[in-house]
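Novice: Just so you know, the protein sequences line up as chains A and B, in that order.
Here this note's numbering is used: the first residue of the first sequence is 1, the next is one more, and so on.
Here this note's numbering is used: the first residue of the second sequence is 1, the next is one more, and so on.
FYI, nobody ran anything at the bench for these hints, they're computed from the structure.
The structure presented is a predicted model; accordingly, all values stated were derived computationally and were not measured.
We put the CB at the ideal spot given by N, CA and C, even for glycine.
Treat the hints loosely; a few may be bogus.
Derived DEER-like restraints, expressed as beta-carbon distance ranges [claimed, not checked]:
#1 Ile89/B to Gln96/A: 22 to 32 Å
#2 Arg222/A to Asn108/B: 40 to 50 Å
#3 Trp233/A to Asp45/B: 51 to 61 Å
#4 Asn192/A to Gly118/B: 34 to 44 Å
#5 Ala46/B to Glu239/A: 46 to 56 Å
Okay, derived cross-link-like pairs now, DSBU-like style, lysine-lysine, Cα gap no bigger than 30 Å in a straight line [what the hints assert, rightly or not]:
#6 Lys77/B to Lys132/A
#7 Lys77/B to Lys79/A
#8 Lys126/A to Lys77/B
#9 Lys158/A to Lys223/A
#10 Lys82/B to Lys139/A
#11 Lys139/A to Lys92/B
#12 Lys131/A to Lys77/B
#13 Lys77/B to Lys107/A
#14 Lys79/A to Lys107/A
#15 Lys77/B to Lys189/A
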Amino acid sequence: MNWHKKTLYMSCALALFLAGSACSAQPQVTARPDGSIPVMDLSYAPDYKAVDEMAQSDVQVIHIAQVDDINSFNRNLKKPKGVHLPPAEDGLRDPQNEATHILAAPKPAFEGLPPTEFGNRVDWVKTLDDKKVRPRWEKEDPDAEPFVMDLDIVRPVKASVPDVVFPHRQHTEWLFCSNCHPAIFIPQKGANQINMSAILLGQKCGVCHGKVAFPITTKSCRKCHSKPKADDWKPPLSEVTLKNPWK
Amino acid sequence: MLPKMKGRITWRALALGAAAWAAMLIAPVPAQAEYGDVVINNYADAAGMRPAVFSHWFHRVRFRCKVCHADLGFQFKAGGNKITMAKIIDGKFCGACHNGEIAWSVENCGMCHSGVPGTPTHIHGSTAQTLVAPPHQPLLAPAAAPAPAPKK
Numbered sequence: 001m002n003w004h005k006k007t008l009y010m011s012c013a014l015a016l017f018l019a020g021s022a023c024s025a026q027p028q029v030t031a032r033p034d035g036s037i038p039v040m041d042l043s044y045a046p047d048y049k050a051v052d053e054m055a056q057s058d059v060q061v062i063h064i065a066q067v068d069d070i071n072s073f074n075r076n077l078k079k080p081k082g083v084h085l086p087p088a089e090d091g092l093r094d095p096q097n098e099a100t101h102i103l104a105a106p107k108p109a110f111e112g113l114p115p116t117e118f119g120n121r122v123d124w125v126k127t128l129d130d131k132k133v134r135p136r137w138e139k140e141d142p143d144a145e146p147f148v149m150d151l152d153i154v155r156p157v158k159a160s161v162p163d164v165v166f167p168h169r170q171h172t173e174w175l176f177c178s179n180c181h182p183a184i185f186i187p188q189k190g191a192n193q194i195n196m197s198a199i200l201l202g203q204k205c206g207v208c209h210g211k212v213a214f215p216i217t218t219k220s221c222r223k224c225h226s227k228p229k230a231d232d233w234k235p236p237l238s239e240v241t242l243k244n245p246w247k
Numbered sequence: 001m002l003p004k005m006k007g008r009i010t011w012r013a014l015a016l017g018a019a020a021w022a023a024m025l026i027a028p029v030p031a032q033a034e035y036g037d038v039v040i041n042n043y044a045d046a047a048g049m050r051p052a053v054f055s056h057w058f059h060r061v062r063f064r065c066k067v068c069h070a071d072l073g074f075q076f077k078a079g080g081n082k083i084t085m086a087k088i089i090d091g092k093f094c095g096a097c098h099n100g101e102i103a104w105s106v107e108n109c110g111m112c113h114s115g116v117p118g119t120p121t122h123i124h125g126s127t128a129q130t131l132v133a134p135p136h137q138p139l140l141a142p143a144a145a146p147a148p149a150p151k152k
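Working from the sequences, and respecting the hints, build out all of it.
Specialist: Given below as structure tokens:
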């Protein structure tokens with residue numbers, strides 16, 4: 001073994017040792033001895049139900065990717081390879097099944113509908129407002145009209161993002177009062193604690209948004225967070241900043 | 001045509017290209033179905049049927065959410081409705097319309113039972129699925145309370 005190979009092996013070992021000690025010195029997540037992560041305490045949200053939407057296989061794929069290909073570009077970015085694929089090519093339906101080939105394809109169905117950059121890439125609210133589609137309100141009566149309520153609810157937000165405006169009109173065009181009240185939202189001012197973690201976990205707005213109604217992406221934040229803060233608004237300082245002895 | 005560099009075939013580039021193609025072909029391709037497509041596999045696989053796949057986009061063009069989620073009693077939860085064929089032929093759930101009068105009837109098994117066998121119940125393209133890691137725990141959550149047992 002010549003000298004430069006030896007140096008290479010030595011430096012590899014040193015790097016591994018340093019990386020290992022760096023990781024063990026600063027545990028970010030306190031895992032239990034058996035390797036599991038403690039379940040989130042939810043006593044502040046008694047109506048919370050565990051979300052089991054996350055497919056186990058996805059989690060495994062991420063771990064393999066992190067180990068196998070650490071230096072690959074954007075290893076954690078999942079990008080769709082195509083949009084509006086016909087049913088037989090969408091990966092969810094079985095092309096071996098003959099009826100799969102009869103099912104409606106989304107691409108021709110979405111032609112001429114107002115586009116967005118997320119979800120089905122169709123702005124369904126605008127589609128309905130523009131009367132591009134005429135979905136029924138009663139299953140057997142094509143002429144039944146919805147019970148629309150035009151009332152905007154403004155929800156102040158602690159963080160620096162714009163405040164949330166919830167528009168009842170767009171929601172009551174599609175849904176009935178009992179769909180949300182009182183099971184998901186108590187119809188009373190200040191009674192509903194909402195945060196983005198809960199929404200991402202499929203609670204509150206996340207019962208529909210992030211699953212079937214427009215999803216939660218950077219491009220859709222401002223659909224809800226739409227009312228700018230007042231000009232004199234400043235982000236509240238955190239406790240550690242206020243008590244910072246070096247400030 | 002072979003890639004050439006200064007008149008010389010770069011075999012290394014060729015090999016790299018071949019490896020990249022092989023990786024693309026071997027790597028499992030994730031499903032590219034529409035946002036909001038629901039796979040329902042509570043009982044189908046166990047009964048020797050393909051799982052049922054429900055297209056939200058197709059149905060919302062024809063009906064508002066209220067028809068199914070208020071009038072027909074569909075819960076806002078994939079797999080949360082415990083739909084069986086017995087309920088459907090009694091006019092419950094899908095059977096409220098798929099009765100040969102409003103929409104085609106239940107003898108068209110493969111129209112719903114079209115999923116790739118073994119696909120678990122889930123909503124395709126949901127934000128929870130696309131997250132790189134699960135949502136973060138909120139700061140300053142009370143510490144002492146016993147954690148709820150995970151549901152199986």
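Novice: All hints are to be evaluated individually against the structure, with a verdict given for each.
Specialist: Results for each hint:
1. Between Ile89/B and Gln96/A the Cβ separation comes to about 26 Å, which falls inside the hinted range of 22 to 32 Å.
2. The beta-carbon spacing between Arg222/A and Asn108/B, approximately 43 Å, falls within the hinted interval of 40 to 50 Å.
3. The hinted range of 51 to 61 Å is satisfied by Trp233/A and Asp45/B, whose Cβ atoms lie roughly 53 Å apart.
4. Checked against the given bound of 34 to 44 Å, the beta carbons of Asn192/A and Gly118/B, roughly 39 Å apart, stay inside it.
5. As the Cβ distance of Ala46/B to Glu239/A is approximately 53 Å, the hint placing it in 46 to 56 Å holds.
6. For the given pair, Lys77/B sits about 28 Å from Lys132/A by alpha-carbon distance, which is consistent with the 30 Å threshold.
7. Among the hinted pairs, Lys77/B with Lys79/A is consistent with the structure: their alpha-carbon atoms are about 26 Å apart, no more than 30 Å.
8. The straight-line distance between the Cα atoms of Lys126/A and Lys77/B is roughly 26 Å, inside the 30 Å bound, and the hint therefore holds.
9. Restraint check for Lys158/A and Lys223/A: the C-alpha separation of about 18 Å stays at or below 30 Å, so the hint holds.
10. Note on Lys82/B and Lys139/A: the hinted pairing holds, with a Cα-Cα distance of about 22 Å set against a maximum of 30 Å.
11. For the proposed pair Lys139/A and Lys92/B, the alpha carbon gap of about 13 Å is at most 30 Å, so the pair holds.
12. The suggested pairing of Lys131/A with Lys77/B holds, with an alpha-carbon distance near 29 Å, which does not exceed 30 Å.
13. Between Lys77/B and Lys107/A, the direct Cα distance comes to roughly 26 Å. Compliance with the 30 Å bound is thereby established for this hinted pair.
14. The hinted pair formed by Lys79/A and Lys107/A meets the criterion: a straight-line CA distance of about 19 Å does not exceed 30 Å.
15. Proximity of Lys77/B to Lys189/A is assessed by CA-CA distance (about 26 Å); at most 30 Å being required, the pair is judged to hold.
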